[in-house]
Each structure stands twice: as C-alpha cells, then as structure tokens.
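Model the full assembly from the supplied sequences, consistent with the hints where possible.
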Amino acid sequence: MQRSLITLLALSGAMAGVQETQAASSFEIADATREAYSRINTDAASAQLSDAFRGRSLFRQSWVVPPAKDIDIAGLGPIYNQLSCASCHPKNGRGQPPKNPLQAMRSMLVRLSLPGQDAHGGPLPHPVYGNQLNEQGIPGVPGEGSVSVEYREFPVTLPEGEAIKLRRPQYRFAELHYGPLNAGIQFSPRVGPPVFGLGLLEAVPEQTLLQLAEQGRQQGVSGRPNVVWDAEKQRPAIGRFGLKANVATLRQQITGAFIGDMGITSALHPEENCTAAQIACRQSPSARQPELSNAQLDAMLLYLRLLQVPARRNGDDPIVRQGEQTFTAIGCAACHVPVLKTGDFSPLPALSGQTLHPYSDLLLHDMGDDLADHRPDFQADGREWRTPPLWGIGLIERINEHSYFLHDGRARNLTEAVLWHGGEALPARQRFAALSADKCRALMRFLESL
Amino acid sequence: MKNLPLLFGLTVALNAYQAAAKEQLTLLTAYPEDVVSRYEIAFEHAYPDIDLAVLWRMPHDALPYLRQPQQGGVDVYWSAALPNFIALKQQGAWQKLGIDRQGLADHIGAMPLSDPDGFFCATEMAGYGFTLNPAYLQQHGLPQPKTWQDLADARYQGHLAQPVPSKVGFAPMMIDSVLQQYGWEQGWAILAGIVANARPVDSGATFITDIIASGERGIGPGIDFFTASAIANGAALQFVYPEPAAYSSAQIAITAASRHAEAARRFAAFVLSEAGQKLLFHPDIRKLPVRPSMYAHKPDDYYDPFAASSRHPVVYDPGRTLSRLALNNALFDRLFTDHHQRLQSLWQKLRALEAHADAGKAERLATIRGLLTAVPIDAEEAQSASLQQTFAVRAADAKAEADAQALEQAWHREIDSRYSEAESLLKQQES
Numbered sequence: 001m002q003r004s005l006i007t008l009l010a011l012s013g014a015m016a017g018v019q020e021t022q023a024a025s026s027f028e029i030a031d032a033t034r035e036a037y038s039r040i041n042t043d044a045a046s047a048q049l050s051d052a053f054r055g056r057s058l059f060r061q062s063w064v065v066p067p068a069k070d071i072d073i074a075g076l077g078p079i080y081n082q083l084s085c086a087s088c089h090p091k092n093g094r095g096q097p098p099k100n101p102l103q104a105m106r107s108m109l110v111r112l113s114l115p116g117q118d119a120h121g122g123p124l125p126h127p128v129y130g131n132q133l134n135e136q137g138i139p140g141v142p143g144e145g146s147v148s149v150e151y152r153e154f155p156v157t158l159p160e161g162e163a164i165k166l167r168r169p170q171y172r173f174a175e176l177h178y179g180p181l182n183a184g185i186q187f188s189p190r191v192g193p194p195v196f197g198l199g200l201l202e203a204v205p206e207q208t209l210l211q212l213a214e215q216g217r218q219q220g221v222s223g224r225p226n227v228v229w230d231a232e233k234q235r236p237a238i239g240r241f242g243l244k245a246n247v248a249t250l251r252q253q254i255t256g257a258f259i260g261d262m263g264i265t266s267a268l269h270p271e272e273n274c275t276a277a278q279i280a281c282r283q284s285p286s287a288r289q290p291e292l293s294n295a296q297l298d299a300m301l302l303y304l305r306l307l308q309v310p311a312r313r314n315g316d317d318p319i320v321r322q323g324e325q326t327f328t329a330i331g332c333a334a335c336h337v338p339v340l341k342t343g344d345f346s347p348l349p350a351l352s353g354q355t356l357h358p359y360s361d362l363l364l365h366d367m368g369d370d371l372a373d374h375r376p377d378f379q380a381d382g383r384e385w386r387t388p389p390l391w392g393i394g395l396i397e398r399i400n401e402h403s404y405f406l407h408d409g410r411a412r413n414l415t416e417a418v419l420w421h422g423g424e425a426l427p428a429r430q431r432f433a434a435l436s437a438d439k440c441r442a443l444m445r446f447l448e449s450l
Numbered sequence: 001m002k003n004l005p006l007l008f009g010l011t012v013a014l015n016a017y018q019a020a021a022k023e024q025l026t027l028l029t030a031y032p033e034d035v036v037s038r039y040e041i042a043f044e045h046a047y048p049d050i051d052l053a054v055l056w057r058m059p060h061d062a063l064p065y066l067r068q069p070q071q072g073g074v075d076v077y078w079s080a081a082l083p084n085f086i087a088l089k090q091q092g093a094w095q096k097l098g099i100d101r102q103g104l105a106d107h108i109g110a111m112p113l114s115d116p117d118g119f120f121c122a123t124e125m126a127g128y129g130f131t132l133n134p135a136y137l138q139q140h141g142l143p144q145p146k147t148w149q150d151l152a153d154a155r156y157q158g159h160l161a162q163p164v165p166s167k168v169g170f171a172p173m174m175i176d177s178v179l180q181q182y183g184w185e186q187g188w189a190i191l192a193g194i195v196a197n198a199r200p201v202d203s204g205a206t207f208i209t210d211i212i213a214s215g216e217r218g219i220g221p222g223i224d225f226f227t228a229s230a231i232a233n234g235a236a237l238q239f240v241y242p243e244p245a246a247y248s249s250a251q252i253a254i255t256a257a258s259r260h261a262e263a264a265r266r267f268a269a270f271v272l273s274e275a276g277q278k279l280l281f282h283p284d285i286r287k288l289p290v291r292p293s294m295y296a297h298k299p300d301d302y303y304d305p306f307a308a309s310s311r312h313p314v315v316y317d318p319g320r321t322l323s324r325l326a327l328n329n330a331l332f333d334r335l336f337t338d339h340h341q342r343l344q345s346l347w348q349k350l351r352a353l354e355a356h357a358d359a360g361k362a363e364r365l366a367t368i369r370g371l372l373t374a375v376p377i378d379a380e381e382a383q384s385a386s387l388q389q390t391f392a393v394r395a396a397d398a399k400a401e402a403d404a405q406a407l408e409q410a411w412h413r414e415i416d417s418r419y420s421e422a423e424s425l426l427k428q429q430e431s
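Top line first, the protein sequences correspond to chains A and B. For the first sequence, my numbering gives the first residue as 1, with consecutive numbering after it. For the second sequence, my numbering gives the first residue as 1, with consecutive numbering after it.
Calculated directly from the structure, the hints in this document are not laboratory data. It is possible that some hints are incorrect.
Said to hold, decoys possible - Which bits of chain B does chain A cover? Going by a derived footprint, with three or more residues having C-beta under 8 Å, they are:
hint, region
1, 26–37
2, 45–54
3, 207–215
4, 224–238
Cβ atoms here follow ideal geometry from the backbone N, Cα and C, with glycine treated the same way.
Listed below in structure tokens is the structure:
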C-alpha cells in the first residue's frame, strides 16, 4: 500500500510527497568525490566484504589471452571488444563515444542483428557476426572489423531565439574480416552506462513496474515493461537491465557482458562467442570451462549489488528546488520517476525496503525517430528505450571527465540530451525548449544536483 | 515495417569502405585499464596511423609469453617487472631502444633508470612508504612514522597493516629495500618488529588503502600510487616517504622479433615524451615521471623524487638484489607468516617487560629479542647464487622445489626452537 502511494505521488509530481520520501537510504551515500560511484555498502556486506572486494578486483581486472598461468583471469576472446569491465564503465560510470572518425571505440560497442527474432523472442543474431561487433581478436584471430563515427551538426533554435547545435552521428563499418554485413543489418551503438545502484533496481518489485506502466497510461505516457527471456528460469520475465530493459536479472546482465564484450564464458554462456564461419575463433583454446567461475560470478554480482548511489546534493538550494519543480511541471518526472521503493529481496536482504531515487521507471518509452536505433529487442521496438536512471548524473563530468549523454553519447551536455527527446517525450521537450533562461538554468542546476 | 525507411539513416557504408591501413603495434603490459586507456587515447591522437593492440599479463605470466616463437607477436613490453627485462636481455630478447634520451634521467641516486647497454629504460617510478590515516593517528595519539625503524616501535602495536610479500606483487622489492638500506641482520630485525605491530594483508595493494581508509588500521607500508590516487580522488589519507626513499621503476623495451620496430620506437618515445610523462600526473594514475623537468609543472602536493634524492640520495638499487627476492619471500613466510599470532603474543610480552626493565633484566630481554629477530641464514649465505636460484625457480622445477622445501623445514625447526626458547625465557621473566 505504501509502495503504491509513493509511486503515485512520484508519478503525479506531488513534490511534497517526493520530499517526504527522500529519507536517506542506507544505499545512498553523501559523497561527491571521484569515487562516488565506487562505494561499497560495507555495513550491508558484513561477512561478505572480502567477496565484494574480490568482485571489485574482477571488475577492474584486465583479462588474459589463454593459455596462461593465471588461470583465474584467463579467457579473453577469441574475439572481444575490451579487456576489462572497467574499460566501458570507467570508475563504474559512463563510457564515451569517439570524438572523431580516427578514434577507436574504447568504451562503446555496436549491437547487431537481422530482422526477425530468435527462439525466445530476442534479436536475431547475424549468422556470421553474431549480436555484437567484436572489434578485436586475440593473436591469430582477426577481430570482426571496426566502426568509426562522424558527426554532422545541425542548428536548433529555441523559442527565445537561442541557437543550439545538435550533432547527429553517422557510423561507418570498415575492415569487415568475415565478409560484408547484409543490407538488412540492424545495428545499435551503445556507450557503456553506469553500473552503480543496480542492486537497488533489481530489488524493485515487478508489481511496481506494472503499476508505473498503468499509472503512466492514465497520464498519457505509454511506458511499458519489456518482457524478455529469463535464461536462468527458462521463462519470460520483465526486463529491467540494459538500455532497452532487455535483460531480466543482474546475473544475466553480468554474464552477457562477459561473453559479449570480453569473450569470457560462464555457466550461463558456456560456449565461446564464435559463429560457425569464424574458423580461427572456433579453433582457439578456452582457458577453462567456464572461464568465469561461479564463485567469481557471485563475487561480481555481490559487488555490483552493494555499490551505493551518490546522494543528491544542494537540495536546499532555492535554484535547485525551483529546477526540481520545473522538472516535474514540464513532465520529465512522468518517466524519470524520482522515487521508488524496493520490495523484499531475499538474495541480499539489506536491499529490501529501501527508498531509492533513480529518476527512472525502468519502462520502455517511444523516444521518436531521431533517437530510434531501429533494432527491436524482445518487445522493445526500434524507437523505444528504457528510461535511463538519472541518479549520479551531476557527477559524470567530475568522475568520467566528459559530459556525453544518451545511448550513443551524441549529446554533448544535458541540454542537448533533453533536446533529442522525441516520441512520447516530445511534449516535455517542447515545454523545456519554451522555458525562460532562468528556469532552464534552474532545471540544469537540479540535474547537476543529482 | 515502419522502421525500414530509416534503417540506413545512421550509416554511410556497411561493407565497401576500407579504412586507411593502419600499422598494428602489439603492446604487452601489466598496467591497469586506468593507465592503458589514457596512453592508448593519447598515442592514437599523436599517431593515428598506428593501431595499438594491448595484451595484458602479470610479470610471471609475461615471461613465458615473451619466450614463445616470435615472442608471441609482441612488439613492445612495458611493465614494472625489472627481473623480466634483465632475464630477457640476457636471452637476446630485446633490440636497442634507439630513442633520444635528452632530458631523461639515467639514474636517481644509486638506482639506474636505464639499461647501460640501451636495451630498455625506466618510464616511471613508484615509491615505497607508509599510507597513513591522519584521523586514526590523531584518535590514537600516534606520531607520524618517518622511518622503517619507527614502524617497528612498540607504540604502533596493533595499528599496522603489512602486506605479505609472497602474496602482494609490490611487496617483495619493498621488503628488499629495507634489507638493502639497513643491512641483512638489522633489516630482518626491523621487519620482525613491524610484523609484530601488524595484521597481515595477503591480497592486492588496493586492500591496504581500503584497510587504512576505513580506519581498521592507521598505517600501511605500501607503494605510493594507490594511495596518491585515492587521495587525488578524495580519500582522507596521507602518504609518507621515508628518507631516503626507495623506488621501483617500470621499464619499456622493444622485442628483437618485432616487425614494427619503428612504430614501437614511436610508442616508447611517446611514453617518455613530455606528453606521455604528463599523463602520469592524472589523479587515477599518480606515478612519478622519470623526466625531471616534468616536476616544474606537477600538481600541488605532488612528490618530487629528484628533489627528495638531492636531499637524501637514494641508496636502494633493486637490480643489485633482484635474484634474492624469492628467497626473501620464503624467509618472511617461515619467520613471520607461519607464526603470526604466536609472534604477536611473544612481542607483546617482551615489550611489556622491556618497558619496565631494570639494568639486570635488560640483558636477558635483549637475548629474547635476539631470538625473535634472528634470521636462519646470514648475509653471506643469502648471497649464494645457487640458494637464490633454488627459490627463484621452485615453481617450475621439481628438484628445486624439493630442495627449497627441505631448507624450509630446517628453517622451521630452527625458528620454532628459537621462538620456544623465547617463550620459555619470557615465562621465567614474568614469574
């Protein structure tokens, strides 16, 4: 009952209610340093703290090409994108896109698929390249190719006359080692998103997401949960991880990244990521089976679940408060839901009953043609994206030393990010564009306080 | 179907485009992502025609990799692994670096920063010292330690976290620096006193910083950059370099088998250039440049090893005693790690008695102290090349392993006997 009330208050933009529910969670930490995304909840870790630290080491570990003496960290490739989790999630934060066509993608990747669905309703992998372009290969195994990005700027004029330039990315595949990509290829460039607070998101009950979808409908917002294939339970489930909410659990998100990004097998992905056409890849030895042991996976899972979220700052600043009111008034909070509450979470009871401030509903929303990747993923169509959490967004520049936002990093700052919103977010975007300079500044101050 | 018209809106070419051919350069390193990624980006910016591929291996795993045919395809080896560079030089694994060394230091005090034959050179340094938690020290009324000898003082009992050198990568040379600086017997005696004050730490170096930052302990002997980076990222810590300070250096070399020697040379020169050395100042790296002029532009409060060495010249030369590191580690474990709780109890009792000893007792207590600080082999034996080799190769040589175990068993008996005698003598003193 309380959960429903909190959700309703948040959705209706009842600021008094939001303020009341912003009691400090034990998973929120007053930290604005460059380590703010990397704080483990040591109280919640209790006797498992050393496991959590082991998970942290694994997250930062550069993996080794097999065969190797260090069998615990061997298994990179045969084809892969990067050597470590931290490559795409630096300091547990956001990656960034290349700045020009000469730069390689270092914290970004490109998903691939063909029109159609796999046996479980997910994207249909390309028969030769699979579901992700792995740009690198271990010695003796060619990487799959490379992608470069170039930007074309175009002007946007706001109602008060301010001219802003947005930049549209254009991607170019090159050096494709395994033959051309089909004309019907669907691809989706993705910058590595932050990884803190994922335990809290996992502990939000499915029922809350369903209620949010229903209440959104009443407000004219068409958010809906993605229904994906839960590979552990072998049944459909609501997705909440990944940029299209295309993964059901954090364990599956981790193992998917290990195999997809680094070529490291696990109990959930026991086969190397080589397609039938990739002969050298298939002939390369694995380090062991699986390369990521269950104990290592558990440690990584624990670490990510225990990562805390930086608490809001400057909440008493009148300009920040004004910006917060504007955020709600122009409709941002309809999808970027300020307050959620976790349910009972038996895998890590400390996550139960927590009030969190993700500024996300974890639902899919139509974001319009301009942001569309035209690559369906389970029930998410090519225009839909999961509302990304905004918590910690005000620290990105300090921690990750850039301010590139959106799924492909095309927005160079928060203003550009808002202006790219389309689809069902178009009315909010239009109201944003019509704000006075003072209100716009206040809104940005609010976002920077997160 | 609604997606089709825009399907190719984001791309200009899927298969026809052939990128300008880049020269592929393969780098083998053990640097973490924070370091590697910044050098990759900066080098790519400086040399967009060279594609840097990175392989990662810890030093013990890199050595066999570089001994493969064609040296595993590696062009450049860049790592804080001096023993590997020396061993591979002896096997003809390197070609001359052949880069301009103008403005680079050839040594810091007694420590060389370049191979005299020009096959490899240092690219950065890291210093050994003490991570401190100032709030913890204040809370416990402890003064800031300034020397290794200070750490062995009774007042620090229970306040230290000491890395176990056989388990923590940077610790063998740190331990060896104490032995070189203070001499074999006194060095081991100081280490015994330090261990008596410490909880052992047998996992990675970041754990030392965690332990000290959390306030579980107040002082952690360690290597500077973990702590310096933590401080630069907001941790309320401090790092103290003893005087004279000791350093470990990372080296760079070009493989003899490299087919991309000129590109390799460009990378090595870039790492040593002002642009490359400046990256070391980044808050997530915090290593010490080997180009002295860089310190004119260092961030506030950044340590300058060249200035420090002009005041207290560096005496530690790691290359002089590298061959004994494995022997040191074995001795450390047999002396201390195997008897940790027993030792702490013995030292506690000894120190309690020493605090109130009269002249008559002092001599007997000195005997007990001698039993707790003695080492089974003397300095001359420790210089034995065959003994050092036995411990260095034990992991890969069954006979050496058997010999090493036999020696360790003999040491164990001797050490156990000494500690038992100390226990007995302490009981007599207490009664």
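Residues of the region 26–37 of chain B with Cβ under 8 Å from chain A, three needed, outcome: Since 6 is at least three, the answer is holds.
Coverage criterion applied to the region 224–238 of chain B (partner chain A; beta-carbon cut 8 Å; 3 residues): As far as the region 224–238 of chain B goes, the hint holds, because 5 residues have Cβ atoms under 8 Å from chain A.
Verdict on chain A covering the region 45–54 of chain B, where coverage means 3 or more residues with a C-beta closer than 8 Å: holds (count 5)
Stated coverage of the region 207–215 of chain B by chain A [criterion: 3+ residues, CB within 8 Å]: holds (count 3)
The structure agrees with every numbered hint stated previously.
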